[in-house]
Amino acid sequence: MTETNPKLEREKQHKSIRFPISLKIIITTAIFGVAPLIVAMVLSLLAQDIFVSLMFPNPVNFDPEARVAAESNFMNLLQLLILFIFITISGLILALYLLSRSISEPILDFRAAFRELVKGKRNVRVNLGTKDEFEDLAKHFNEMAEYIDKNREKEEKINDLKSEFISIAAHQLRSPLSGIKWTFKTLLDGDLGVMTTEQKESLERAYSVNERLISLVAELLDVSRIEEGKIGYNFNGTSLERAVEEAVEEYKLIAQNKNIELSFFKPQIALPNMPLDEERLGLALNNLLANATNYTLSGGRVSVSIERVNEEAKVTIKDTGVGIPKGDMNKIFSKFFRASNVVRMQTPGTGLGLFIARNIIEKHGGKIWVESEENKGSSFIFTLPINNHKQGFVVDDLSADDLVGEE
Amino acid sequence: MDKPNSEPVTLQPVNDNGNVKVLLIEDDRFLRELIAQKLEREKFQVMQAVDGEEGLRKLGEQKPNIVLLDLILPGLSGFDVLKKIKEDSANASMPVVILSNLGQREDVERGLSLGASDFLIKAHFTPQEIIVKIQGILAGK
Chain A
271 MTETNPKLER EKQHKSIRFP ISLKIIITTA IFGVAPLIVA MVLSLLAQDI
321 FVSLMFPNPV NFDPEARVAA ESNFMNLLQL LILFIFITIS GLILALYLLS
371 RSISEPILDF RAAFRELVKG KRNVRVNLGT KDEFEDLAKH FNEMAEYIDK
421 NREKEEKIND LKSEFISIAA HQLRSPLSGI KWTFKTLLDG DLGVMTTEQK
471 ESLERAYSVN ERLISLVAEL LDVSRIEEGK IGYNFNGTSL ERAVEEAVEE
521 YKLIAQNKNI ELSFFKPQIA LPNMPLDEER LGLALNNLLA NATNYTLSGG
571 RVSVSIERVN EEAKVTIKDT GVGIPKGDMN KIFSKFFRAS NVVRMQTPGT
621 GLGLFIARNI IEKHGGKIWV ESEENKGSSF IFTLPINNHK QGFVVDDLSA
671 DDLVGEE
Chain B
22 MDKPNSEPVT LQPVNDNGNV KVLLIEDDRF LRELIAQKLE REKFQVMQAV
72 DGEEGLRKLG EQKPNIVLLD LILPGLSGFD VLKKIKEDSA NASMPVVILS
122 NLGQREDVER GLSLGASDFL IKAHFTPQEI IVKIQGILAG K
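Protein chains in written order, with our numbering: chain A, 271 to 677; chain B, 22 to 162.
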């Protein structure tokens, strides 16, 4: 074990010119605090003679002149003492101030740097020339920041590629899908001759499968946009009640056809207009209602209600459907995830609806969660702040929440 | 999502379609022909263009009543074509309907801000529905 480690050597050298915080405390206190104290003490010792002669004046050599001199000496001494006590105290205060500043300043630097880093800013570095533990900490912080920068870059590149791929693929998919759709429709409309009922029925099935593909493409595009962080939100004062009612209205017929009772309960006191992106919120509501009606069996109930809870509006979409198995609950809002029971039902679905809905609600500053019991039903509940700070057009940037929140 | 009808739908104001000239700017031959076929069946006069340059030329020569415009085209993009149509005072009032498979919000907003009358995502509309849109725009004009 006699080998010398060059790195250790360097560290030793580095350490030799270091000023650890403890040393700084001692030196600063010594210079600004203890030194004036010692001076004051020495001076007061020197003054002791005068003091003693003042306290015990020689009665033999007593004469009024000497008495006056002694008295003025006493006053001088008193002034000196007060001055030195003052200097000592100020010195100590200065020492404490310098010390606390030398400790708090780097901490504040670190705090600022951490804030920037969490915000997702690049190239955040802390540069300290303090030659103490803080400088070491800064070095490690910078290493960490560099590591995070690299990872973020990589992650963004992968995300960009993935989103670009999905966008291009989706767009390329849409053209042939339109061709198929239009051809089927032309045939179904009888434009190319009358078909038998059987031919028509099978073509209708093909048409509806094609429609499913088209909506899958639309959802994939939405998801890739969400992940690119490019979704622009347009928050305008909107009536939440009306938006929800309209969405419910759209599902009235579907529910009726499935023999599901669909009801809507308005809040007792009307809510004020709220800053909402009506189109996106409509998409979220649509996805939630589609699930509720899809996974509720004939004879079941779906109820939608809005209530005000303090400064939030709370929307509940409750169904008496198949529910979510316990083990799937925490994954239900994940991308492409579908609960095992509904996969087994062989119902169509992409597993993107709730992922999209969650994103939209969260971008409104709200929260969404689910309460469910398998075979009994599910309640999807979301809240939206009544006074959203967001107004007008907001481009959703890939915020720190997104980076930290996932994975 | 619309359910396929079992009966061919007849359009109400069929009579005056014959006077309507539709310019179709679409590079995908299959799609172009499908729409043209449907338009002709509904007695519209259809002009077809494969790209923006041809579209602008035909627009100048034949003065259509309405333009159906794709966005992703070889050469001039659909947005460029739209800009050129709207810049020219001779056709600035001519309704242009974007018929594209783009359709993200920025695309839609850009199209509408450039003066398009409507933005239709191909895959989300049947030929019939596209015709209804055209008739609506022409009637509202």
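Be aware that a few hints might be false.
[What the hints assert, rightly or not] Incomplete in silico selection of chain B near chain A, CB under 7 Å:
hint, residue
1, F51
2, R53
3, A57
4, G81
5, E82
6, N122
7, R126
8, L141
9, K143
[To be verified] Listed next, with one range per pair, are the computed distances between beta-carbon atoms:
hint, chain 1, residue 1, chain 2, residue 2, range
10, A, R395, B, S110, 55 to 65 Å
11, B, R62, A, P595, 29 to 39 Å
12, A, P618, B, G96, 37 to 47 Å
13, A, D419, B, E61, 53 to 63 Å
14, A, S610, B, G96, 26 to 36 Å
15, B, Q58, A, N527, 29 to 39 Å
16, A, K409, B, G96, 34 to 44 Å
17, B, Q58, A, N600, 45 to 55 Å
18, B, G96, A, P537, 49 to 59 Å
19, B, K104, A, I438, 21 to 31 Å
Calculated directly from the structure, the hints in this document are not laboratory data. Glycine included, each C-beta is placed from N, C-alpha and C at the ideal position.
B:K143 was flagged as interface toward chain A. Is the shortest Cβ-Cβ separation under 7 Å? 4 Å, holds
The hint names B:F51 as touching chain A; please verify it with the least Cβ-Cβ distance against 7 Å. 5 Å, holds
Using the C-beta atoms of B:Q58 and A:N600, is the stated range 45 to 55 Å upheld? 52 Å, holds
Range hint 55 to 65 Å: satisfied by the CB atoms of A:R395 and B:S110? 57 Å, holds
Holds or violated: the hint that B:L141 contacts chain A, with Cβ atoms closer than 7 Å. 10 Å, violated
Do the beta carbons of B:Q58 and A:N527 sit within 29 to 39 Å of each other? About 33 Å separates the Cβ atoms of B:Q58 and A:N527, which means 29 to 39 Å holds.
How does the Cβ-Cβ distance of A:K409 and B:G96 compare with 34 to 44 Å: does it lie in that range? Distance hint for A:K409, B:G96 is violated at roughly 56 Å.
Against chain A, with CB atoms and a cut of 7 Å, does the hint on B:E82 hold up? 28 Å, violated
If I claimed the Cβ atoms of B:R62 and A:P595 lie 29 to 39 Å apart, would that claim hold in this structure? 52 Å, violated
Given a hinted range of 37 to 47 Å, is it respected by the beta-carbon distance of A:P618 and B:G96? At roughly 40 Å between Cβ atoms, B:G96 and A:P618 fall inside 37 to 47 Å, so the hint holds.
Using Cβ atoms only, decide whether B:A57 comes closer than 7 Å to chain A, and label the hint accordingly. Since chain A brings no Cβ nearer than about 11 Å to B:A57, farther than 7 Å, the hint is violated.
For the hint on B:R126, does the least C-beta distance to chain A fall short of 7 Å? 6 Å, holds
Hint compliance for this structure: hints 2, 3, 4, 5, 8, 11, 14 and 16 are broken, all remaining hints hold.
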